[in-house]
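A.B. asks: Sequence:
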Amino acid sequence: MTINWAGLGAVFLVALVASVLFVGLFSVGIASWTRRGEAAVNNVLAIVCFVLCAGIIGYGIFAIAHK
1208 MTINWAGLGA
1218 VFLVALVASV
1228 LFVGLFSVGI
1238 ASWTRRGEAA
1248 VNNVLAIVCF
1258 VLCAGIIGYG
1268 IFAIAHK
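Residue 1208 is where the sequence shown starts when you use my numbering, and the numbers rise one by one after that.
I should point out that these hints are in silico values taken from the structure, not numbers from a laboratory.
Any given hint might turn out to be false.
Unchecked claim - Okay, the calculated beta carbon distance ranges per label pair: (1) 1214 x 1266: 16 to 26 Å; (2) 1269 x 1220: 13 to 23 Å; (3) 1241 x 1263: 13 to 23 Å.
The beta-carbon is built from N, C-alpha and C at its ideal position, and this holds for glycine as well.
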């Protein structure tokens, strides 16, 4: 039994990038949602961040379901 180290490394790298991207987008969304000031711009930015987070989750579910 051998371990495909290249495949394991690729999965680790993709998981790391996706999780950092997700946490970053979600944090920006929360910060924009609660910030005072230009309410319309902040709300649009927050909604865009949350939609991108939902897209990441949806793509992950799609990738797992079609394996």
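A.B. asks: Taking the hints in turn, state whether each one holds.
C.D. replies: Results for each hint:
1. 1214 x 1266: 16 to 26 Å: holds (19 Å)
2. 1269 x 1220: 13 to 23 Å: holds (20 Å)
3. 1241 x 1263: 13 to 23 Å: The hinted range 13 to 23 Å holds for residue 1241 and residue 1263, with Cβ atoms some 22 Å apart.
Consistency note: the structure conflicts with none of the earlier hints.
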